[in-house]
Amino acid sequence: MDNRKIIFIGCQKAGNLYDLINKKLVDENLRQKVHLRKFYTFGLYTYKNIIKVWPDNIIITNITEDEIDTFIEEVIKNGKITKLKDKIYKKETHPLIKNTKVEFYHKQFRVVLRNSGVINPEDINEYIKRNGYKALAKILKEYTPDQVIEELKKSGLRGRGGGGFPTWMKWNCTKNVESDIKYVICNADEGDPGAYMDRSILEGDPHSVLEGMIIAGYTIGAKQGFIYVRAEYPLAIERLEKAIKQAREYGLLGENILGTDFSFDIELRLGAGAFVCGEETALIASIEGKRGMPRPRPPYPSIKGLWDKPTLINNVETFANVPVILYKGGDWYSQIGYENSKGTKVFALTGKIKNSGLVEVPMGLTLREIIFDVGGGLTGNRKFKAVQTGGPSGGVIPEEYLDTPIAYETLQNLGSIMGSGGMIVMDNEDCMIDVAKFYLQFAVDESCGKCSPCRIGGTQMLSILNKISIGHGEMEDIDKLISIGKAMQKASLCGLGQTAPNPVLSTLKYFRDEYEEHIKDKRCRAGKCRELVKYAIDPTKCIGCTLCAIRCPVNAISGERKKPHVIDQSICIKCGECYNVCKFGAVIKE
Amino acid sequence: MTHEKPHLDNVADKEITFYKAQEIPLPKELEDFIAEWKNKPGNLIMILHKVQEIYGYIPRKVAMKISKLLNEPLAKIYGVITFYHLFKLNKPGRYKISVCMGTACYLKGGNDLLMELENLLGIGVGGTTEDGLFSLQTVRCVGCCGLAPVIMINNDVYGNLTKEKLPEILGKYKQEGEE
Ligand SMILES: Cc1cc2nc3c(=O)[nH]c(=O)nc-3n(C[C@H](O)[C@H](O)[C@H](O)COP(=O)(O)O)c2cc1C
Ligand code: SF4
Ligand code: SF4
Ligand code: FES
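Protein chains in written order, with our numbering: chain A, 1 to 590; chain B, 1001 to 1179.
Same shape as in the complex, but just chain A (with noise of 0.2 Å):
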């Protein structure tokens, strides 16, 4: 057995700490006691230059270069670490192991990341070490492909792209349709703006979505797959390409897997950067090299898909999950979860929050539960406002609602949805009005212009949006902003503009207040609207230092130094200059 250490170097700019530690230890002659590994994701987004240590289990961040030789010699030579404990990251003992009552998630928590960060991405052996293909050589030897449905439809899987849809359904209909050709599309092309959990399972176990697919591809009766990534994630494409080479080589992939006579090959095909190509129809159309407009359906691409053939289309962490179910049963699989929303689910947890990164936590926690515990709450302890969920096709949730379970219907019913798993925590500095002016303008931007609700739709809404945020709306508005909405939601072609109004909905449901004081008292609280905010000078905290008439960009501050400043309104840009130069906090945003 080989006892040596691995040591993982994860930062942003891994190349300089790892050649670093690498020099070191090489003219150390210790270069041969440890395995040394890049790494990049590490869900501990917060931290610069991560170090992990396996076996022992120990992070330490924000580690310096001056700090090298440090942890050569307690972590490497004495295996005691005294002078760098405070950078140790609390041992991967994730706050949820401490706090959920079920035992059982204790040691499940971790299924679609079961092997990122633990493993070597670039080397098939260590995934086949971790039980990897194993799945797929079960099946080929003993299952037939309705076997192989009838244990996804035990387990309860439902797509994790978005929409939730149960996969074995999914699954079942592209198998019972007559055809010589079919095929199998992984979507990777990871849509919402603040979401990176496809990347993350790319770059950290990319067997596990080749393994899923394969397996697809033999209880369809497909021969070739396609994996449509994002051409933003060069690592996720370079670890790919890897995995598959590999794979060819151990003859998991190509002509007669694994001695059976079921051939399949995977190929990648890279997206160019528009956001409405995550939708299926439209993805398929950008593999088969057009622009990426979506099409109505019917027919579903499991009746009609690539060109023309049935197609089976699951998103990337759908793919990852079906391995462990396979390898363990459905039956074990359907034990973790919520009602019917079964599984773990990967979130992207960012925002005003203490520990942002990616959190993998079964169905039915609910979001205080995440946000709180897992995420460890608000930065700077601050009050919690609203959650958002599923990014642009999602929704916000306030407060009150925080003790709901996770799962695909109840945030359905709060007006949210699951969606690929983004989770944005925002603070009362965050103004609701313009967080839906984002999403929608984002929204906007991306709408690909076929169907004219999405396309006028969204334009109109957006443009009333930015009315009400520089103080020219009417009451009115808000009413035509909901029929436009709903409108849209009814109309629209395709998922975009079907869901592009739910940020603004949601924010209206729980914040209309906030709607209400932006067109009638002028007046954002957040201070986040420019054209709302008033600045204005406490005379009792002003100690006179001229600071702000100094960096006051039209002169409209005025005062003798060592005396109380004053702002004069009728000159006052809003620039926000004097408001961020006070060092004494005496000026406020009103």
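The set of hints was computed from the structure by calculation and includes no laboratory data. Mixed in with the good hints there might be a few duds.
[To be verified] Reference listing, derived: stretches of chain B covered by chain A, where coverage requires no fewer than 3 residues with Cβ under 8 Å from a Cβ of chain A: (1) 1043–1049; (2) 1093–1106; (3) 1117–1130.
Treat the numbers as computed from the prediction; the structure is a model and nothing was measured. Positions of the beta carbon are idealized from the N, C-alpha and C atoms, including for glycine.
With chain A held as given, fit chain B with the ligands onto it using these hints.
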């Protein structure tokens, strides 16, 4: 947030005829790539990616050559190029500045960084400075939201930024670029 609107080449018709008459040689790497992909259906986007990898953008001459090689109308090729945000019709600067406009960065002031960069560089999104040193673009979530707001200059990531820090960062590249 404004998206870069790729404007079609503003070359005069005369020039186009000139290009037509002139056969430009393609680098071997690209020729091999096209040969490999030529008969695969749906190859256009993959070939355009390769072109952009080599030139940094999609030069009109090359698009014309590809139209010929693949036997696809130039209009269709331009239709595809302009649909996808990633394909560029103009040569980018030596240092590509990408401002993250993902949700986390937006909430933490990504827009302020963008405005400040526009001021400092005197260009808008999609523009390139006259000296060819910097070009400016927006991107969505570069996957380090914990460091928001984030910008990238070529492949270097700068996190936890405030607009006050920008002049110094730009200065470093400017110096490097002028050396
Ligand atoms: C505008 C739009 C964008 C989408 N983006 C993605 C995406 O980035 N990734 C994804 O897996 N599914 C995305 N989907 C959902 C896909 O159309 C499709 O439902 C999904 O890939 C099916 O896989 P699943 O059943 O495993 O979830 C998007 C849908 C729409 C309407
Ligand atoms: S809803 Fe929007 S994105 Fe979808 S087809 Fe219509 S215009 Fe295009
Ligand atoms: S907000 Fe700007 S313009 Fe107004 S007083 Fe302050 S510095 Fe001057
Ligand atoms: S939103 Fe900017 S890095 Fe994620």
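**Asked** With a cut-off of 8 Å between beta carbons, are at least three residues of the segment 1117–1130 of chain B near chain A?
**Response** Violated, because only 0 residues of the segment 1117–1130 of chain B bring their Cβ atoms closer than 8 Å to Cβ atoms of chain A.
Is the coverage entry for the segment 1093–1106 of chain B by chain A consistent with the three-residue Cβ rule at 8 Å? holds (count 5)
(message) Please check whether the segment 1043–1049 of chain B has three or more residues whose CB lies within less than 8 Å of a CB on chain A.
(response) holds (count 6)
When the structure is compared with the earlier hints, a violation turns up for hint 3 alone.
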